[in-house]
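**Student:** Protein sequence lines, in the order shown, are assigned to chains A and B. Going letter by letter, the first sequence gives residues 336 to 564 in this note's numbering. Going letter by letter, the second sequence gives residues -19 to 93 in this note's numbering.
If you're looking for bench data, these hints aren't it; they were derived computationally from the structure. C-beta: ideal position from N, C-alpha, C; glycine also. A hint or two may mislead.
One side only, chain B facing chain A, incomplete, derived with CB under 10 Å [said to hold, decoys possible]:
id : residue
1  : Val(-9)
2  : Phe(-4)
3  : Ala1
4  : Ser6
5  : Arg8
6  : His14
7  : Glu18
8  : Gly22
9  : Gly42
10 : Asp44
11 : Leu48
12 : Ser49
13 : Gly54
14 : Val58
15 : Leu64
16 : Arg75
Covered by chain B, per the in silico footprint, the following chain A stretches (three or more residues, Cβ under 8 Å) [as the list claims (entries may be wrong)]:
id : segment
17 : 394 to 408
18 : 489 to 502
Derived CB-CB ranges, DEER-like [to be verified]:
id : chain 1 : residue 1 : chain 2 : residue 2 : range
19 : B       : Val0      : A       : Leu530    : 24 to 34 Å
20 : A       : Ser534    : B       : Leu48     : 39 to 49 Å
21 : A       : Ala526    : B       : Ala46     : 19 to 29 Å
22 : A       : Pro548    : B       : Ala46     : 40 to 50 Å
23 : A       : Leu530    : B       : Leu63     : 24 to 34 Å
24 : A       : Pro548    : B       : Ser(-18)  : 38 to 48 Å
25 : A       : Val361    : B       : Ala(-11)  : 26 to 36 Å
26 : A       : Val465    : B       : Met(-19)  : 22 to 32 Å
So the chains spell out like this:
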Amino acid sequence: MHVPDGFLDAPTSLATGVVAAAGVAVALRGARRELDDRTAPMAGLVATFVFAAQMINFPVGPTSGHLLGGALAAVLAGPWSAVLCLSVVLLVQALLMADGGVTALGTNVTLIALVTVTVGWATFVVLRRVLPSRPASVPVAAAVAAFISVPSSALVFAALFAVGGLAPVDLSVVITAMVGWHTLIGLGEAAITGLVVASVMSTRPDLVYGARPLIALRTLEIRAAGMTR
Amino acid sequence: MSRRSFFAAAVLLILFLAGVASYYASDRPDGLQHVATETGFGDTAEDSATADSPLADYRTRGVDDARLSGAVAGVAGVGLVALLGGALFWTLGRRPAAGTAADVQPDQPDRAA
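Chain B on its own, in the form it takes in the complex (with noise of 0.2 Å):
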């Protein structure tokens, strides 16, 4: 499979999941939340202080199908952590020697691309 494909292939696995998949999850207290309640210590939790953003709770503010929003809101997290993780790995990987001829390598051409 070439690295183009594969890249295609994983990116629309990701958008089914965040905008279609995700309609489908349990909606049972997780672990920690389950835990809290049974063992007695899930009184103390507190509101986040980001609960009235617009995604709060993968759901989007003003789109009433239940459906829809959630996908609204999963695809939009999947966009932003893509391009937050893009911008920070992309930085991380650039070689300060760009250009050189340490960075040409004949068996990787399009390397400089």
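So here's chain A without its partners, still in its complex pose (with noise of 0.2 Å):
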């Protein structure tokens, strides 16, 4: 999903980095909120997991796709944290490893995390309060909110295509091309997602951001086991 540069033009790559910043911005602020000294080394581990796990690009007929990680990191760190966590992952990957174009790291901010990490997010918490409030919902409601991140993503390149896409090609071809491709991909999402989040719901649930409400009723239990350190 690393957009490189030159598919998009310069005005687009100028406003998604416009749109990257304040997101960035806003999200620097927010992490305040979610971050205290038990949870900012929770948020680095889960920044330097989606960097590796990135990697591993899995094959998907004749494309390939790799975890883009908004949905998960939002559910372990919570959702600003995600969006910082996803956005150190980009600019890495950009001055580093030649992964994703330069001019395009606003792009790559806004679609790989803006977009990811704020759709993963709003259907986690939706499912949160439609599935039975029980922690082994957790997983199940992470799984599918990175499901539907990644064809979302795809949608917006889609849209940001359509506005500045250097090459003529008729859009609804792009469209149908993108969300097709990155709703298979987006299976593997889930999968990878559904098992992170359900490995750490059984060894420490008290690090998952997003099981915070539903273990809420367990806290006194938890903190007994968490003394064992």
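Both chains come to you apart, so use the hints to assemble them.
**Tutor:** What follows is the structure in structure tokens.
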């Protein structure tokens, strides 16, 4: 999904750069509410995991996909911190790994940080309300949120391409292909996200930001277990 | 599982993914590249301004062995993200009231450490 330089024209890249900068600025303020000296290490860990996981492309027919991680990071570290996690990953990838263009950095932050986190977190919160109020619902909600976040991001790319694409290609063809392939890639996103969230829920549910409302009733038990660290 | 063990296990998993498993990643074009080629907008892509970075494309310049070259680049990237992310989140997570009465919570005696 990393957009290279040259797919979108300069005005569109500039506009996504402004959107990305504004999003990161708001996230810097919001993340202060999510982070303390207990949760900050988890946010750093999540950023590092997302970077490593994004190196692992899995085959999907003639193409391949990798974890984007917006929904995963939002559920584990909180949505504002998740935007920062993904932005740090994208910055390192663009500047050191030549993965995603430099002038396209704003586009990639918009698509891979802002869109996936927003869609992923919103979907997760709705599902958390709808599903039974128990910890086992958390990985399910996270997986569905992850699944939806990927074609959503692909759809926003198609919209950006409609505005500022540099090649004359029929838009409906781009939308169909982008959303179609990324729906399949989203299944991988869902599987990885569900597995990782389930693993953390089974070992340290207190470290899962999105599980806090559900385990609030069990706080005393969990704090007691946490004392043995 | 203690907090320390959890973080240790997670770091080992991350290093394994970046340093070992990444070698086995699919080298098929990713979803966007594939769509770009199929629908005809792939040709406008330009090389990144950082294409001559010593770690470009997750390979380490000067290291010929493909497995080692990817492992070094992956682990270096992990280290850099950990450093940047760690510094950022540590800074944001600090409480201005550190050291005052509000920061001392009886149920978390190790909080100040």
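**Student:** Report the numbers of all earlier hints that the structure fails to satisfy, in ascending order.
**Tutor:** 9, 10, 11, 12, 19, 20 and 24
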